[in-house]
Every structure is written in C-alpha cells, then in structure tokens.
Amino acid sequence: MTKPLLSVRGLTLDIPLARGTLHAVRGIDFDLYRGETLCIVGESGSGKSLTSLAVMGLLDKNIQRRAERMDFDGTELTRASNRQMRALRGDRIAMIFQEPMTSLNPAYTIGDQLIEALRLHRSVSRDTARARAVELLEKVGISAAASRLGQYPHQLSGGLRQRVVIAMALMCEPELIIADEPTTALDVTIQAQILRLLVDLTKEMDVAMILITHDLGVVARVADKVGVMYAGELVETGPAAEVFGKPMHPYTRGLLRCIPQPGMTERGGELGTIPGIVPSLIGAVQGCAFRTRCPHATEACGGEIPVRGEQSHRFLCVYADGARSVEGEPA
Amino acid sequence: MSAPVLELKNVAKTYRVKQGMFGKPKPLNAVNDVSLSLGRGEVLGLVGESGCGKSTLAKILLGLEEPTSGQVLVDGEAIGGQDRLALARRIQPIFQDPYSSLNPRKTIADIVSLPLRVHGVGDAKSRAKSVRETLELVGLPARVLNTYPSQMSGGQRQRVAIARALIMHPEIVICDEPTSALDVSVQSQILNLLNELRAEFGLTYLFISHDLAVVEHLATRVAVMYLGRIVEEADVGDLFDAPRHPYTRALLNSVLTPDPSLGVPDTQLGSAYPNPISPPSGCHFHPRCPFAETLCKTKAPRPVPRAGGHVECHLHDPDSTMYRPDFTV
Amino acid sequence: DKANDTLKVAYTKELENVDSFFNSSREGVVLQRAVWDGLIYRDPNTNEYKGNLATSWEWIDDKTLELKLREGVTFHNGAPFNADDVVATVNFVAKEENGVKTQRNVNWMDRAEKVDDYTVRIYTKKVFPAAIEFLSGPVSMYPADYYAEVGPSGMGLKPVGTGPYMVSEVVPGQHFVLKKNENYHDSPKGQPTIGTIDIRTIPDVNTQLAELFSGSIDLIWQVPSDQAEKLASMGDRFTVSNESTMRVGYLAMDAAGRSSMDPNPYKDLKVRQAVNHAIDRQALVDNLLKGKSKVVWTACFPSQFGCAQDVAQYAYDPEKAKALLAEAGYPDGFTTDFYAYRNRDYAEAISSYLNAVGIKTDFKMLQYSALRELNMKGEAPLSFQTWGSYSINDASAMVSQFFKHGSLDSTRDDQVLEALNVADSATDPDTRIEYYGKALRRIADMAFWAPMFSYNTNYVMTKEVNYTPTPDEVLRFTDMTWN
Amino acid sequence: MLPFILKRLGLAILVALTVSFISFSLLFLSGDPAAALAGETASGEDIEAVRVLYGFDRPMLVQYSEWLMRAVRGDFGESYYFKLPVASLIAERLSVTMILGACGISFALLTAVPLGVVAAIRPNSIVDRFALFLSVAGQAMPSFWFGLILIVVFGIKLGWLPPSGASSWRHFIMPTVVLGYYAMPAIMRLTRAGMLEVLNSDYIRTARAKGAGEGRVLFKHALRNAIIPVVSLAAVQMGFMLGGSIVVESVFALHGAGYLAWESIARNDLPTVQALILIFSMFYIVFTFLADVLNAWLDPRMRSS
Amino acid sequence: MEEITGPTPRQILRKRVTGHTGLLFGLAVVLILLFVAIFAPLLAPHDPYAQSLSSRMVSPVFLGGTWEHPLGTDHLGRDYLSRLIYGARVSLLIGAVAAAISGVIGTAMGVAAGYFGGKVDAVVTFLINVRLAMPVVLVALAVVAILGGSLQVVIGVLGLLLWDRFAVVMRASTLQVRRREYVAAAQAIGASTSRVILSEIMPNIVNNLIVIVTLEMAHAILLEAALSFLGLGVQPPTPSWGLMISEGKNMMLFEPWLVLIPGVVLFMLVLAINLMGDGLRDVTAPENRS
Ligand SMILES: Nc1ncnc2c1ncn2[C@@H]1O[C@H](COP(=O)(O)OP(=O)(O)OP(=O)(O)O)[C@@H](O)[C@H]1O
Ligand SMILES: Nc1ncnc2c1ncn2[C@@H]1O[C@H](COP(=O)(O)OP(=O)(O)OP(=O)(O)O)[C@@H](O)[C@H]1O
Ligand SMILES: [Mg+2]
Ligand SMILES: [Mg+2]
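Chains as they are written, first to last, in the numbering used here: chain R, 952 to 1282; chain E, 63 to 391; chain G, 4 to 486; chain B, 0 to 304; chain D, 7 to 296.
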C-alpha cells in the first residue's frame, strides 16, 4: 500500500483553564490517503474542530498540542516552522469553515479574496489569477462568474458564499481539504447541492478531504472512511460501509438508533436515546469517557481501554465485540 | 376528523423592511395567504427552507404578531376578538434555542410558574405543587427548582421550556424547531417526550422543522412552505410516498439517511435563492424548478386539492395547459 | 525683551472695543493714554495741570472754556490736528445717543465750537468745575475725518490718535502691537523710548506668571498680593513695585428696595449697620490686599478732592452686628444673594464674615458688564463692587457717580442728592468741600454702603525694565525705559 | 450610496435645526433681551423701543425663523459686548480651535489606534495592561488639572514648552496632548475590542488558512474591518473635543472659539453664545455626517445598500 | 437523571468579583470616600467654612506644616483637610443625583426605544442625536450662567444633559434582550407589556445600567469640577474639589499642593468609580467589554 498523505498518531490537545486543564483531544490516530474522504462525526464539543485546526496549525496560542506524529506527505507538522506551515496552508492543505456568512471578509470583493488565495503561493499575474478564479467559480456552479468577482460577500446568498469558499479552497489545487461542518448552516436542499459539489470536485481533482460534521446522514453519503469522535477520542474508525453496516462501539450504535430513519423507524414510535450528558474533560480523565452513558458499563470501563478490531476498522471498548452481543445482536 | 381546533383563513403577514440603513421600506410578504386547519390531536409538520415564513406563522398563532390580513380561529372563534390571556391558555410555544428561551436571571421554579402567576392561577402553594408535577412530567427532578438555566444542559433546558408550555394545560403547542439546536442523542429524548405528552394529554402540535426525517417521524400531516405560501399540504404518508410539488420532491430528495450505499442525491434545484422582497413573478418557485415552463413565469398557480390537502402547481391543475395527471416523482 | 526693543505686557481683560470711548476698563485707560492725547495733562506726581493738545485754557464764563490748541501736531495717519478735530470729537461724544460707554466722562459737555483753526470753546451743560480734570483724563481727541468715516468699530480695529504710541496691529482677543510715534509732539507726557509695546491678553494671572517666568512677558500688573509677595522674595529676577490706586472696594446694599427681595432687610438701617460691623476690614487689608491698601470708610478715595474723612466708622464687632440684626427682626439672620465681579477671594472672605453673623450668602460671581446691568436694574440686593474713579482725583468721580439717583444708585437718598448737586456745580472749592462732606457723612451715617478698602496694584517686571509706577493705576509706557 | 447620503443629510439638517432652536431658546430663558441690548442708560421707553425695533415683542417662533434665516446666511447678529457682528468675531477665533481640534484628534488616533491594535494582538500582555491602565487613568484625569500640571512641569520647571498662547506650533503641543488624551481611552478601547472581535472572526481564520502572513492578516484583513467603528467614534470625539476645547483654551489662554464661548457666557453675551453653541453643534453634525459617509464607503455592506 | 452541573450565577459572580482587583480597589476607594462623606462632620477636624485670615496658606504637614492643619489651609485660612472631606459630599452628591436623574431619563427612553421600536425608536434616536450634537460643557456653562450656580442648578443641568449614554446603551441592550426567545415566551404566556419589560427585560439589562451609572457618575463629577474650575459651577464657599483647584490655581506656581491635593483626590475618586464600573461590566457582562 502507498504511504498515507496524512498520518496522525497520538494527537493530544490540552487547554489550560482556570479550573484545571481541559483535555479536549486525547490521543487520536488516523491515516488519510490521497483522494480519500474521511468524515469525523461527533457531538458538539467532542473536539472535532480542534482536531482540524491542529492539523492546520491554526490553534489558539494557549492550546498545547502534542503528537507522536503528524506527517503530511513527508513533512512533520509538529516540527514545521511557522514559515513552512504558512507555505502549506492554502497551497497544499485548504480549509473550509462552517459559517459561510462570516468566513469571507466583508471588506473585500470575492474576486480580491480568491485572487489573494492564489497569489499568496504562486507568483502569477493578477490577470492569470483572475482567470483561474473565474474558472473555479464556474466549476463550483456559479453563473456569470466574471461579474461576480466584483461583488462583496454580503451580496451573495449563503449557498453561493459557501461555493465561493470552496472555490477559494481549490485555487491552489490543494492535496487535502479540511471542511469543518461546511453545510450545517445551510438549508437541506442547499446542503445536498454543496455536498454533491464537494464530493464531485474531490473525486475529479483527486483531493483528499477531511469532512467534519455531526450529521450521520452526511457521513454515510460522503465518507470513504468514518471516525466517530466522543469526548476527545476517536472511539471508532473504519470504512463507511463497515461502520454503518456493523457499528461496533456502543456509542456509534446509540447514535444510529437516535435518528429517525424514514422507512426504518416506526412513525411516531419511540426513538433510541443516549441518556445523560458528555462528561467534563477538565482534570484527569480515566477509562472510557462513555461509560457514564453506556448501558453496558462495568467496573472495567474505568480502567485502561484496549483498542479492538482490525487495522481498518478499530474501536475502543472493554468488550471485544463492543457489547453487541449484550444488545442481542449477532456479534 | 373532528372540528378543527385551530384554523387559519387566508392569513397574511407583510413586514415593511428597510433596505440598508436609510433605504425605503419595502413590503416583504413573510406569510402570504395561508389557510390551514388543525384537528384535535393532530401534529401538523411545517417544513420549508430558512426564511420561508415558518416562524412568522408561529408568531401569528401565538398572538405575538398581528396578521396583516386573514383570520385565525381557535375552536371556531376568531382570536383577534379574544383577549391575549385567553389565547395564551390554549396555545403555548416551545422555541428553538434552549439557551435563549429561558430567562437567565430567573430560577427554574420562577420560569415554570410564570404562566400561573400571569394568569393568577391558584396560590403560592398550589403553584409550587403544580410546578413540581409538571417538572416530573417532563422528566426533571424537583431539585432543579432552585437552579438557574445556565447550570443546565441544552436538553434539560428544553425540558424546562416544555414544562413551562404545558403547565397551563394548553390544547395547542407550537413547536418552532424544538430540537434543531440539540445533539442527536438529546434530540431523540425530546422527540420521545413530545410524543408521550401528546398521547397522554391529547395535545395538538404545530411542529416546525427543517429536518424532514423528524417531521416524518412525528407529524400526522405535513405542510410545505415556500416563500410565504403553503405549496403543498397532505397527510404524512401521502406526502412522503407521493410528493406532488417539485419543491416537496426536492426536499424529500435532500433527506440524507445514514445509508452509505446511497451517494449524495441530486436535488435538481438551481442554486439561486430568491429575494423575498422581490419574489419571482408567477410561480415563486419557477427559477429553481426543473419543470418550469413559460406559464410558470407569468401565472401563479392556484391551490388544487390532493389527497388529504392541496398542492399549488400548474402541473397538477386540471385547468392548466401544463396539466400532467400522471406526474409524480 | 530688550534685545528686540519690544516690551511685552500682559492684559488680564479683553477690551470690548479699543476705541477709548467705548470701553470702560482700566486696560482701556492705559491704552488710551498711550495712543491718544487729551487737551490737558495732569502730572501724576505733582498733580499740576499742563497743556497737552491745548497749550492754554481759560474759563470765559461759568460754562464756557476756551482753549488754544497746539500747532503742528499730526495724527498717526498723517492728518493734521486742529480745531475741527476737537469740535467733531466733543460734539460726537457729548451726544448721548452716540452711546459713549461711560457717559459720566462726557455728559457734562454740551458742545464745542471752533473759534479759529487753533482755538475752540467747550460749553458745559451746567457749571462743572471738574472739567479740567476730565479734559486731562478720559476725553481724548480723535481725527475728525477718519472717525467720521470709520466710526467706533473702525477705530477699534485701526485706532488713530496723536499719542506717543501708534497701534500697528490689533488681533482682537489676542494682542495689540504699539509702535513708538517718532513724530510725537513736545508733550508733557514725555517722549517714548521703548520702540515696540506688545500687549497680550492673558486672562489668567497664573498663566501670566508662567509667561513671565519663561521670559515671554516683561511686565505684568494687577498682580495679586500673594503672588507678588512670592515674586518679590525671588530676589534678582523681578522688580515688584506696589502702588496704591484710587480703586475703592465697597459693598453696595439695596437700601432703596429696588430688588425683588421681600422682605428687603437692607431697607433697614440696622441691617446695613450690622453689615458694616460684621466685616473686619483691617484683617482683609492686612492679609489679603496688603501693600499700600488702606481701610476706607467713605464713598470715595481719601486723596480725592472733597473726600472728607470725618465720617462715621463701623468697627469690626460681630456681636454688635448680631445684636443689630436681632433688633431689626432678624435674630437668625437671613439669606441674601451676593454678587461680585472681581476678586473672588475678597468676596469670599467678606461673605464668610457675613455668614459668621448670620447673613447667609448665595454667592454669584458675574462678569463686570453683567453685574453692572443687574445693578442698573436694581436687582442686586448686595454686591461687592469696586470703583477706580478713572483716576480722577476728585470726589465727584466716585460719590457723585453713585448717589445722584441714576440707575446705579441703590440708595436714592434725597439729602445726599441735594448735597451732591450743590457740591458738583459749585465753583468755590470750600463750598464743594463742605457739601461733599455733608453727603459723605450722610452716606456713612445711614450706612448706605459698606466701604471696605482701597486697592493697590503690584507691578512686576523683569529687571530689564525700568519703570516707577504712579498711584493712579495707569501704566505709562512713555515713562518706561530699558535698564 | 447617493440616496444614503441624501437621507443622512436630511437627518443632519433636522438635528441641526433642533439644536439651533434649543440654542435660540436660551436667549429667552435668560430674561429680557431688549433690556440687555438697550444698554445701561436706557429707560423703560427705550427698552420698549428696542423691543419693537428688534421685534422681541413678536411670537418666539417668528423670531426664531427670522434668526434662522439670518443664521443660514451667516448673520448671527451683533455681540452685546463687542458690538461687532458675531459671525466675524467667531470667524477670527475659529482657526485656533480648529487647529487644536485637528491636532487633538490626530494625537488621540495616532496613540490610541496602535496601542489598541497591540493590546488586541496580545491580550493580557504587559502592553495590554498598560494600555488599559492608561485608558482608565486617562478618563479619570480632569483635563484642566492635567493642563495645569503640564504647564508647571513642562512650561516652567523644565521650560521646554511655552506655557500659553498660540503663536507657534510649539504652543500647541501641550493643549493638543490635554485635549487629545481625553478622547484616547475611548478610541483605544474600541480599537482593541474591534480588533479582538475581528481577530476571532471566521474570515480571519480563513485568511490564515489561506496561508496569509501575520502582518497581512492584521493589517489587510483585520484592521480594515476593525477601523470602521473607530471612524465614527473619532468623529463623535472630534465633535466633543471642540466642545471641550473651552476648558483647554482657558487653561492655556488660547484665544479660540472655546475661550470666546467661556468669556461670552460670563459676559452674558447671548448672541455670541447662541452662535457658538450652534457652530459647535454643526461641527459635531458635520463630522458625524462625514464619518457616516466615510463609513459607508469603507464598509461595502453599507455602500451598496 | 443527568447531573445539574455548574455553579449558580451568584456563585460565579462572587467568584468573579473576588478575583477582580480593579473592581475591589475601586469599590474600596469609593466606599471609603462614601464613608468620609457621610461622616464628614465627625471626621473633619475643623469647620470647613471657618476662615482665619491670619493663617492663610499654611503648608501641609509633609511640607513643614503642623498637625493643627494636616493638609494646610487655603487662601482664606480654612482648613484644607476639612474642606476636602466636605468636598467629598459635594462630589458624591452631584455624581449620584445627576447620574440618577439622567439614568431615569435615559433608561426610560432607551428601553422604550428598544422595546417598542418603530416610531418611538426613531424619535428617541433622533433625540439622542440632538443631545450628542449639543456641546455639553458649553450648554451647561450657559445654563448655569443664566440660572446661577447653585448646587441644585448644577445637579439639574448635569442630570438633564448626561442621559445620552444611558439611552444609547439601554436601547442597544433592550434590543438585544428583546430578541431573546424568553421574551417571546413571556408574551405568548400573556404577560402584560409592563411585566415583560420589568421582569423579563430589566433584570437582564440592569447590569449594563449599573455600569453606565458608575461611568456617568464619574463623568458628572468631572464635569462639575470643570464647571467649578471655570467659575460657573458650584459657588463659594461651598467646598467643591473643582472650586478648590480653581482657587488654588492662582498660587499654583508657589504652593503647588493647593492644586495637587484636591486634584489627586478628584482623580482617585473618578478613577475608583471608573474601575468599579469597568469591573462591574467585566464581572456581570464580560461579553460587552469594549
Ligand atoms: N480556544 C479555546 N479555549 C478553551 N476551550 C476551547 C477552545 N476551543 C475549544 N475549546 C473547547 O474544546 C472542546 C472541543 O471544541 P471543538 O470546537 O473542537 O468541538 P466540536 O466538536 O467542533 O464541536 P461543535 O460541533 O460544536 O463545533 C469544547 O469543550 C470547547 O469548549
Ligand atoms: N420582524 C420582522 N421584520 C421584518 N422582516 C421579518 C421580520 N421577521 C421575519 N422577517 C422576514 O420574514 C421572512 C420569514 O421569516 P421567518 O422567521 O418566519 O422564517 P423561518 O421560515 O422561520 O426561517 P428559519 O427557518 O430560518 O427560522 C424572512 O425573510 C425574514 O427576513
Ligand atoms: Mg466545531
Ligand atoms: Mg424560524
């Protein structure tokens, strides 16, 4: 097998707070290959955004990042200088943020911002950059692209802005796109369009993508590989078909039972629930963070949790089968 | 079906919005000639994209906004004539944002008992009892009484909001996206709770949501709104099985079920979102409709009946040149 | 600044108009003496009258004064000075409707007539023995043609006179620049020696001092005693001279009952006496005014002709004051508005004395013009005022100013009026002395005023400047030289 | 843009009218203008004559509209004290005040904006704390007192600067500092807050994610947005400053419009006071108007609406 | 059932207050001065009005004076410390009453504008514009000159002039709070407008109000001092700090302590009030920091 484009091992993020240290991300591992789409899914506050910012090197100064390895195509990100990181950002790794309403600078035209994205990394003339911008705007499905260049972000609707943001991310033909909840703020119909656009473009341009979301539906439709995040840990990772087809971690299964699925859940019937709330990650965290909400928690869950499953589909649980058998499912 | 508890007759709401800081105010038809009726015990799901007027409709029902024209009838009586207090006893809201729907300076006891105090129901003791009972009903222990909203999680807050809505035993509850700010694991708890309460008290819900999967799960009837108009209305089964309006169809298409074998669907909708201040001519939906013809640009479709409701589309109007009786998805 | 032959002087007040007939402040008088000449001149040291623009004068009758004018004098603009200018000036200022600011200075004249090019006659309205004094003081001679053309406001912006200094620049509110008049006639004022005088308006004494320290001002005057004391103790940098002035500070009371105060305690003699007894004048003089100031008991400055000193004196006696108040029906005192326009500290000290005997003061500090207006309307029940008599050494310049039932008369006493009428119009000095004395004694007996003290002025100059001030509070630039 | 400017102009004029009415009313609050005008020797009939002559016997609104009509043409009547046209009186003094105001606001901006930016870049750093201290202390310092202290220290003890007057640029240094420091805290805080907010915004993260360098992020992307509210504030402060120049001008014996205002008030010279109130208001109104227009131009969201 | 986590708002507040040095310092100074003002008759060693012309401008103890007059005497021989102590009364009274008057006016206007919007808002916004356009110092001076400089007039004038910030801030906070869903909820419950304003909106904006009250108090105190300094504020012999500076100014070059002492006290008071205001904002509404 080829080398992964991005390989992360033991990424840990600590945030010192007045009340103690917040262990926001606790030792996560994942590999991402060229052209592959990894979806990270998890509840609010589980550390998804921090993980993506950690890869970009855009964490707030007060957040402490540690990792055994964060290798991007041969560059060790943990040791990269600011200068090296800046050269990577926007050029080889691009990012798309959640809020299309606020992720474009209101003071400049979208043309300026698109052109800047290219000219920061390539010494090309403005005209060349402009031509590239028009080309990409057309590619992301914006009509009359040339005339849009002179418009300001506030003159565009949310869906259009998110397309511009995507175009901006593609200006330098990056190898990796990190999209942090790119469609959460959008209407369902627009969400479908944007996702389709992203999927098509990444496939077409052979770009790897990390897509962060809390919507299992999105994950299922977009991901090659899925990472389920809970309280700062990737509790289950694996190919999408496997994770959805045979979810191993009790949390993953709990999540899947919570959502009403047309045609599958009974209309008006009772939905599955995960009682309780996410535990505080301030101070020392021991054992499985999900045990406070897990129906199968035992004494052992407070201790060291082994990594289960094979290389491609792994999960963290004291139960070898992720307690599937306890729930009456065939293991 | 029994006599409707809640009826809307040609309700419209026009805002005058300023364009920019000093522009001339222009009319914005947030709700445009909407007629609906809710039977007792029904759950009417109201779906549509952001800004189509769902919340405005909810506010009108709650008496928070005066409709510009048209009538709202509760049990056959126009609510314009009833006083607000009487209306408030029968219709109560649950809002979207559990972080802003509870006054942060008040304790949970204060918040939940507010309706009782406003309506002058009972004495302090009976109120306290009633608050405790209602909290229990929504699954909150009595010890939350003296805590503040900031000490609670989103799901707990939403339960408080439900308790507040239910303490006066209203007939109708207007739920404006009650779960869209919650994580899925909490959303399912709230949905279950709403379902239980409905069964127990025979409540009638107007349930507003973006999420069609949720609407399908909860609603008995669904109305689809587009730019202030109800473009299609039908029983939940009919609508999901046989959507008539192209917009409904696109909405259903965009529902992403967690099925990895299906890719991202093509909604076939254009990306141009219309400006509500100057809506497109004719059928408001025509610029995004894959089936639009010249007629759609010039003539607004009229509502035509369909099973369990109506639909507004030239394709389904027998008097229209575009009529295609066989048109389904 | 000796190096530039420019003497820099600070004025406290901004003149409303440089035209000497249209301002009423001390600074205006100083400027007037420098820029214009009167017909006559009184030597400030010998008090002897000398001819200035006139060379001789004589009374033709009780009301007619004939003057011979000096020949060969020219105005700063080159126009020759002759009888036409005198006639035009007198006829203009004597007319009440022309609105000369201090009517008292000019309203004794009826008109002037030209006899020949260098002879004029001035007709007084009534018999007016002080005419010579006035002609040697505030009545300056203006160029007829120029004044007719530009009027008071033009004169204010570009003054033209015959005086030892000519005005080269006026920046209203900021400064005037005076230049030596090289062609100054052979005047008793003497010839100017300092080439340029730069007068800046710096209202704040403190800022004046700061400028003095930093060397951008050479001479300041009217320096409060405290500061002057300190400056004097600084030894070699500055010369501090103290001179008495004719300015008298006094409390005016609404004895005529014109104000809206009701009941008006000042109508009661006992209250007025109580006010007089309440204040320790000597302490004020010793501690606040210092220098050559003296306690004053009369409604005039002691050196003035006719200013009798054998009048009732009210010793400092707060107990007596309280008793008098009680007798008058104010055992607990009363509250009164109390106005002042200058020397807030003196006024404050006075009000403190009044408070001590039970007269509570509602203190209001106003600008001079505003207080004057109030006084004319009779709306100030009690005010601390001062009067400098325009340096005219005659009691009529003060007592007759305030007790002849004019708008500024807060007492309106007929006896005083009668006596003053006689005194003012008599030509015989003894009669005048007798009747001024009568009036002044009546004023003191009735305690119409509470005269307080005479003022002094401190002149502070750098050691470069040589100047001996005169007691009449007028800076004479012609007398100044560089050391 | 043009409709915006016209609307905004309309509002400005309306405000100006209201202020002018209020300042005109002051005349009536202060008692009989006829008596004041008639002068010291006037009798009752004289005053009556003046009243009729100047039309003080007519309804106030009529008088106001006439006064306004004249004021619009630059005729503010005659000063009671100087007996000169108020307009020329003020015109003579205004330049000093304007120079002072311009220097003051420049001083405030030149110190406050950089300080605010640095404080925002490093919140809670020493610079930030220093800036915060400066702003709190600055707001608490009475400007007249500050002025006096400066005069003593720099004018006399050290002798570096002339203590009063307006004859050279050096004369303006201390007044500028005294006038400017008062506006500084507000501008500094707003810059800091604006920068902090902008630096936390998504588009700054976007800019960083594009690979933009820190300088580019700060100055091209952040400051441009953070400065917009500062422009308005600076205009407002400039308006306040001119009004506040009364104190500074009297401390430093600068014969500007503020000083004239103080003197005129003390002298009961109402036509002058009225005109000055109106003129100072006009400055405020004009500045805020210009700031809004500038803002509309700086901020594309306003420009196109 | 899931845990109710987190401390109560009051606990959070207490913790923030005790951790905020600026606030504590400001509070302490203000309380001390308040104490001094209230008990002035007990604390002042002399009658602040008693003049003694023979012992004028006696130096304070630290400049070689005696303990008879710890801070020396003024130009009329009145005890400086006593005048300073009574001056605290004047300053605090003026600050408090002026801020109260303007607070009532401004809050009423601001809340009405924010709550009712539309025409009410337009009118209030217009009035705020008009008010801002009037030069405060100039107008205050003019009015004081016309009506005379009594304590009441000064307080009244300042009270009627300083409402703008109240109106602006209260309007903005009302607008903000008004959009919250609990307001809609209360309305939907049938609560009357006054109830909604008083019990739903006011409690949530009152912290902003307190902050503005303190800032405007400081503002009023400074303005009074400036007016007194210009000779058109409180009139002698009232011991106002501004007046003391103004009176001491004449001897500033020779006896600088006459200006420094009241100046420093005035500065400290205003600084303390400002620190208190800033601190209150930090602890009650950190999000409004600007
Ligand atoms: N700069 C920061 N300082 C302190 N805490 C932070 C900071 N950034 C994030 N956190 C905390 O770290 C945790 C993880 O945050 P993160 O933004 O990664 O969550 P997320 O999974 O992206 O959630 P969401 O779905 O809401 O975006 C949260 O508890 C958050 O409060
Ligand atoms: N008070 C108001 N004044 C002016 N326009 C308003 C007002 N309230 C709502 N609108 C406009 O009316 C339209 C309908 O708004 P509404 O809030 O009802 O939409 P919605 O369907 O609830 O949207 P969402 O899904 O985002 O909640 C929108 O275009 C909105 O901008
Ligand atoms: Mg996130
Ligand atoms: Mg809504």
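Quick caveat, the hints were computed from the structure, so don't treat them as lab data.
No experiment lies behind these values; they were computed from the predicted model shown.
Don't take each hint at face value.
Claimed, not checked - Subject to a maximum C-alpha distance of 27 Å in a straight line, what follows is the list of computed DSSO-like cross-link-like pairs (lysine-lysine):
#	chain 1	residue 1	chain 2	residue 2
1	B	Lys-82	G	Lys-380
2	B	Lys-156	G	Lys-161
3	G	Lys-380	G	Lys-407
4	R	Lys-1012	B	Lys-219
5	B	Lys-82	G	Lys-466
Hint-by-hint comparison with the structure:
For the hint linking Lys-82 of chain B to Lys-380 of chain G, the alpha-carbon distance of about 21 Å falls within 27 Å, and the restraint holds. Distance check on the hinted pair: Lys-156 of chain B and Lys-161 of chain G sit about 39 Å apart at the alpha-carbon level, beyond 27 Å; violated. Distance hint between Lys-380 of chain G and Lys-407 of chain G is fulfilled; the C-alpha atoms sit about 15 Å from each other, no more than 27 Å. Our distance criterion of 27 Å between C-alpha atoms is met by Lys-1012 of chain R and Lys-219 of chain B, whose separation comes to about 21 Å.
Between Lys-82 of chain B and Lys-466 of chain G the CA atoms are separated by roughly 40 Å; this puts the pair beyond 27 Å, and the hint is violated.
Consistency with the previously given hints fails for numbers 2, 5, ordered from lowest to highest.
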